[in-house]
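Visitor: Spelled out, the chains give:
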Amino acid sequence: AQKVTQAQTEISVVEKEDVTLDCVYETRDTTYYLFWYKQPPSGELVFLIRRNSFDEQNEISGRYSWNFQKSTSSFNFTITASQVVDSAVYFCALSGSGGSNYKLTFGKGTLLTVNP
Amino acid sequence: DTGVSQDPRHKITKRGQNVTFRCDPISEHNRLYWYRQTLGQGPEFLTYFQNEAQLEKSRLLSDRFSAERPKGSFSTLEIQRTEQGDSAMYLCASSLVKGKGVFKAFFGQGTRLTVV
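In order, the protein sequence lines correspond to chains A and B. Just so we're on the same page, my numbering is the position in the first sequence counted from 1, plus 1. Just so we're on the same page, my numbering is the position in the second sequence counted from 1, plus 39.
A few of these clues could be false.
Think about it this way: if two alpha-carbon atoms lie no more than 35 Å apart in a straight line, the pair counts; the simulated DSBU-like pairs of lysine-lysine are [to be verified]: (1) B:Lys137 to A:Lys39; (2) B:Lys96 to A:Lys17; (3) A:Lys39 to B:Lys50; (4) B:Lys143 to A:Lys71; (5) B:Lys110 to B:Lys53; (6) A:Lys17 to B:Lys110; (7) A:Lys4 to B:Lys96; (8) B:Lys96 to B:Lys53; (9) B:Lys110 to B:Lys50; (10) A:Lys17 to B:Lys137; (11) B:Lys53 to A:Lys71; (12) A:Lys71 to B:Lys137; (13) A:Lys39 to B:Lys53; (14) B:Lys96 to A:Lys39; (15) B:Lys50 to B:Lys96; (16) B:Lys53 to A:Lys109; (17) B:Lys110 to B:Lys143; (18) A:Lys109 to B:Lys143; (19) A:Lys39 to A:Lys71; (20) B:Lys50 to A:Lys17; (21) A:Lys71 to B:Lys110; (22) A:Lys71 to A:Lys17; (23) A:Lys17 to A:Lys39; (24) A:Lys17 to B:Lys53; (25) A:Lys39 to B:Lys143; (26) B:Lys50 to A:Lys71; (27) A:Lys4 to A:Lys17; (28) A:Lys4 to B:Lys110; (29) A:Lys109 to B:Lys50; (30) A:Lys39 to A:Lys109.
Everything labelled a hint here was simulated from the structure, so no lab data went into it.
Produce the complete structure using the sequences and hints provided.
Guide: As structure tokens, then:
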């Protein structure tokens, strides 16, 4: 069975602070995908990033960066110089690969509030 | 690319009534997923279609729930004899899956169901 744990239920920061959202996963698959989605108050899940299990290279996209560490089964997400528009619920998710495994198991989400 | 669209966005119904939701996926996507999200939780997988075939149903999908995807295009999710516990956001997602290729799911804005 697959499991995703986001231990931080809520985080509150002041604008321009850096913030890291933690994600720990469990899977028996050797090939799998990890995702981060953003859910603003409008409700739509916005895709942020996908990593596959064979690529442990960290990635940076603007103010966003992701740290994938297979040794600790973690896929953490950092927002640098946070902005009020970053306020949302962020979900980490895991998918297997092949056949029916292409479905997402989500964590419970982390509510990020960025205050001006 | 018009994205995944869901209709209606909001639905209030009385307990015991039947409701039907519609999802229009991204046109070239062969997979369509339904998820349910309750307050404070991450989305949970309900079912998915590969083209018109429904290939997997979660144990969360009781006999009162039925989903269809005629002709492999749009999909409908029907809930019969609604109960208050059915109140949730119902999310639809679509993806293009080719063999063991890249997998990325795009979500609609969801249908928020309130059963009173």
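Visitor: Does each hint fit the structure? Answer for all of them.
Guide: Hints, verified against the model:
no.: 1; hint: B:Lys137 to A:Lys39; verdict: holds, 26 Å
no.: 2; hint: B:Lys96 to A:Lys17; verdict: violated, 44 Å
no.: 3; hint: A:Lys39 to B:Lys50; verdict: holds, 24 Å
no.: 4; hint: B:Lys143 to A:Lys71; verdict: holds, 21 Å
no.: 5; hint: B:Lys110 to B:Lys53; verdict: holds, 31 Å
no.: 6; hint: A:Lys17 to B:Lys110; verdict: violated, 49 Å
no.: 7; hint: A:Lys4 to B:Lys96; verdict: holds, 18 Å
no.: 8; hint: B:Lys96 to B:Lys53; verdict: holds, 26 Å
no.: 9; hint: B:Lys110 to B:Lys50; verdict: holds, 26 Å
no.: 10; hint: A:Lys17 to B:Lys137; verdict: violated, 41 Å
no.: 11; hint: B:Lys53 to A:Lys71; verdict: violated, 48 Å
no.: 12; hint: A:Lys71 to B:Lys137; verdict: holds, 26 Å
no.: 13; hint: A:Lys39 to B:Lys53; verdict: holds, 32 Å
no.: 14; hint: B:Lys96 to A:Lys39; verdict: holds, 26 Å
no.: 15; hint: B:Lys50 to B:Lys96; verdict: holds, 23 Å
no.: 16; hint: B:Lys53 to A:Lys109; verdict: holds, 29 Å
no.: 17; hint: B:Lys110 to B:Lys143; verdict: holds, 22 Å
no.: 18; hint: A:Lys109 to B:Lys143; verdict: holds, 20 Å
no.: 19; hint: A:Lys39 to A:Lys71; verdict: holds, 23 Å
no.: 20; hint: B:Lys50 to A:Lys17; verdict: violated, 39 Å
no.: 21; hint: A:Lys71 to B:Lys110; verdict: violated, 41 Å
no.: 22; hint: A:Lys71 to A:Lys17; verdict: holds, 30 Å
no.: 23; hint: A:Lys17 to A:Lys39; verdict: holds, 19 Å
no.: 24; hint: A:Lys17 to B:Lys53; verdict: violated, 46 Å
no.: 25; hint: A:Lys39 to B:Lys143; verdict: holds, 14 Å
no.: 26; hint: B:Lys50 to A:Lys71; verdict: violated, 42 Å
no.: 27; hint: A:Lys4 to A:Lys17; verdict: holds, 32 Å
no.: 28; hint: A:Lys4 to B:Lys110; verdict: holds, 34 Å
no.: 29; hint: A:Lys109 to B:Lys50; verdict: holds, 24 Å
no.: 30; hint: A:Lys39 to A:Lys109; verdict: holds, 12 Å
In this structure, the earlier hints numbered 2, 6, 10, 11, 20, 21, 24 and 26 are contradicted, and the remaining ones agree with it.
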